[in-house]
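S.K.: Now for the letters of each chain:
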Amino acid sequence: MIKKLLGAAALTALMAVSAFAADDKPAIVFDIGGKFDKSFNESMFNGSEKFKTETGVAYGEFEIANEAQREQAIRNFADQGYSPIIAAGFAQAAALEKVAKEYPDLKFAIVDMVVDLPNVQSIVFKEHEGSYLVGIMAAMASKSGKVGFVGGMDIPLIRKFGCGYVQGVKAAKADATVFQNMTGDTGAAWNDPVKGGEITKSQMSQGADVIYAAAGATGLGVLQAAADGGALSIGVDANQNYLHPGKVLTSMLKRVDVAVYNVMKSGKDGSFKGGVQALGLAEDGVGYAMDDNNKPLVTPEMQAAVEKAKADIISGAVKVHDYTEDNKCPVE
Amino acid sequence: MSARGELRGWADVALIPVLNLVVALLVSGIVVLIIGESPMEAMWIMLKGAVGSIKGWSYLLYYSTNFIFTGLAVAVAFHAGLFNIGGEGQAYIAGLGATMTGLGLEFLPWPIVIPLAVLMSALFGAFWGWVPGYLQAKRGSHIVITTIMFNFIASSLMVYFINYWLRPVGKMAVESRAVGNFDFSTFDLTGAYIPSLRELSLAIFGYRLPSSPLNPTFLFALAVAWAVWYLLWRTKLGYEIRAVGANTDAAVYAGIRPQKIIMVTMAISGGLAGLLAVNEVLGAQHRLVLEYVQGAGFVGIAVALMGRSHPVGIVLAAMLFGLLYQGGTELSFAKPEINRDMIVVIQGLVILFMGALEQTFRPWLEALFFRAED
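Protein sequence lines, in the order shown, are assigned to chains L and Y.
All letters in the first sequence, in the order written, are residues 1 to 332 by the working numbering.
All letters in the second sequence, in the order written, are residues 1 to 374 by the working numbering.
Warning: the hint list may mix true and false statements.
Said to hold, decoys possible - Within a straight-line C-alpha distance of at most 25 Å, the following computed SDA-like cross-link-like pairs (lysine to any residue) qualify:
#, chain 1, residue 1, chain 2, residue 2
1, Y, K171, L, K310
2, L, K98, Y, A334
3, Y, K48, L, N66
4, Y, K48, Y, V22
Said to hold, decoys possible - Below, a sample of chain L positions facing chain Y; criterion: calculated Cβ distance under 8 Å:
#, residue
5, A65
6, Q72
7, A91
8, D185
Because the hints were derived from the structure by calculation, they are not lab data.
Glycine included, C-beta positions come from ideal geometry on N, C-alpha and C.
Let the sequences and hints guide you as you build the complete structure.
M.R.: This is the structure we're talking about:
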């Protein structure tokens with residue numbers, strides 16, 4: 001009831017409401033994929049759920065159905081005094097920026113994009129660093145000297161995955177060949193496991209025996225086709241090693257769940273800070289997955305090489321090029 | 001006294017739509033009941049969310065603006081006996097015209113750029129409607145098949161244009177850069193940016209309206225609705241369109257060339273659908289976003305059916321769908337259990353009863369009326 005009254009008050013006195021925002025509850029606005037997309041959004045959903053079970057604080061949530069709802073949803077939570085408000089995905093940036101400007105007292109966060117405002121925490125990941133590590137592992141595990149990369153939608157973010165991967169492969173085996181394919185140009189490319197499988201088969205027929213998928217739910221088809229065809233695959237975002245035990249070499253971890261959890265937690269205990277958080281290997285924002293499922297596949301030499309590269313990247317001795325800096329990749 | 005076999009005017013225009021709406025809402029209520037929520041409460045939240053506040057009304061009218069344009073587009077084609085289901089693609093392509101004008105002529109002052117961008121939206125949409133019209137008139141390719149195929153062509157084409165031509169380097173989101181800018185403190189308007197009513201009211205009166213994408217395009221939509229009425233019932237071309245729709249053979253006998261009328265009608269229809277870009281691209285998003293039409297082209301079919309292809313009916317039907325959209329959004333805010341897929345179910349039921357099952361109750365009603373009259 002109090003929330004409803006607050007909401008009503010917010011309508012009449014839009015700006016004044018943030019004064020009431022003492023009993024902050026976090027909120028999250030999922031992107032068009034929906035919170036059960038087995039990938040990016042779902043990972044954030046899991047992070048939010050973890051926060052809820054640990055702290056007992058309920059959070060607000062909304063799944064976008066059309067463009068106009070982006071701003072409407074964020075603004076609705078802001079009107080009701082939710083804080084921090086997390087926007088999932090780069091597509092929410094314009095809407096979040098608009099609303100965050102009008103509510104300077106509330107806290108906001110956005111994942112995979114930078115919004116330069118003092119009350120916004122922008123969380124970006126150094127996916128190229130994690131991809132570099134799995135690239136090293138792929139090159140060492142490959143017998144044919146040919147490896148593959150299957151991206152989802154053709155956007156700079158996914159090219160960043162691919163570019164880091166190629167750099168890793170070439171660092172381990174300079175004469176290795178990397179086949180790179182994108183699934184498509186639209187959002188549908190995140191959710192097309194059949195096409196993902198077809199691309200994988202095509203790469204395998206050219207000789208690739210380790211294939212890295214950075215394609216959301218499309219990647220499930222990549223992993224399946226690789227497992228069926230006797231090749232190794234590399235999962236992405238979450239630890240996907242368990243999907244085909246003994247056939248998934250490793251997974252490139254991108255801890256959006258941890259990021260969301262941390263934002264909600266920091267909002268609760270008051271340690272929230274605006275600015276850009278670039279989460280790389282040093283911050284454990286990205287990494288590679290090791291568990292019982294892939295233990296037999298990873299030799300001690302491979303693990304030693306990857307660990308050495310990781311230490312070198314963290315210390316700055318090795319610098320992995322970020323594709324999004326200049327939209328170019330030094331190696332193909 | 002109506003002729004036997006026909007309903008009186010008021011029953012045809014008002015009773016059947018209202019009856020269909022009531023049945024649709026009843027069935028939606030059952031669905032809501034099944035997932036364990038109170039239908040009355042859900043209905044109340046939807047109504048209150050859409051018409052219970054200035055904010056609700058603003059969103060309602062913003063959504064209706066889209067549906068008025070696409071509804072008129074479908075209706076004009078209906079009058080010529082053509083079923084244009086390509087409003088989606090025509091509006092999508094129109095976005096390209098609007099954006100290209102906005103970005104390419106950004107240096108011109110807004111009183112020139114905005115009308116040009118509006119014109120280009122209509123022209124691009126008209127072209128995308130004209131091609132299927134040409135294929136129907138000259139080649140006999142069925143308009144339903146070609147228009148729906150043109151939706152897919154539009155979709156792929158736009159992906160290409162936005163991805164490779166319009167997207168700024170390094171930007172993740174598949175969208176163009178902004179078509180203009182508006183600074184309401186200095187009233188500094190550049191490019192083809194149509195400010196929202198909120199921004200205008202801040203700039204002119206210093207009064208802060210609740211935020212919404214509602215912009216003056218709504219008034220433009222009403223003017224266009226009037227113009228469509230004038231075209232159809234007060235001009236020679238409108239008479240020819242209706243004559244072709246009523247009976248092509250008779251129209252030929254009257255000296256009308258149906259082939260020409262089909263092409264002209266489809267161009268007008270596409271142009272009307274294209275005006276959606278004015279509301280969405282210039283007025284609301286201020287940039288070209290991938291798949292920005294979001295089904296409004298298809299909703300236009302239901303709007304035209306429900307509005308009996310008359311501009312007044314279309315404006316009212318568009319407002320009803322605006323209510324469903326805005327009310328639905330508020331409903332999923334208030335009740336997370338009723339998620340967005342449920343909202344689509346409710347909207348779908350309304351479309352089903354209004355569009356597909358439009359004639360279901362007609363025979364019963366007719367029987368009822370004639371028994372009463374006999």
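S.K.: May I ask which of the numbered hints given earlier this structure violates, with the numbers listed in increasing order?
M.R.: Failing hint: just 1.
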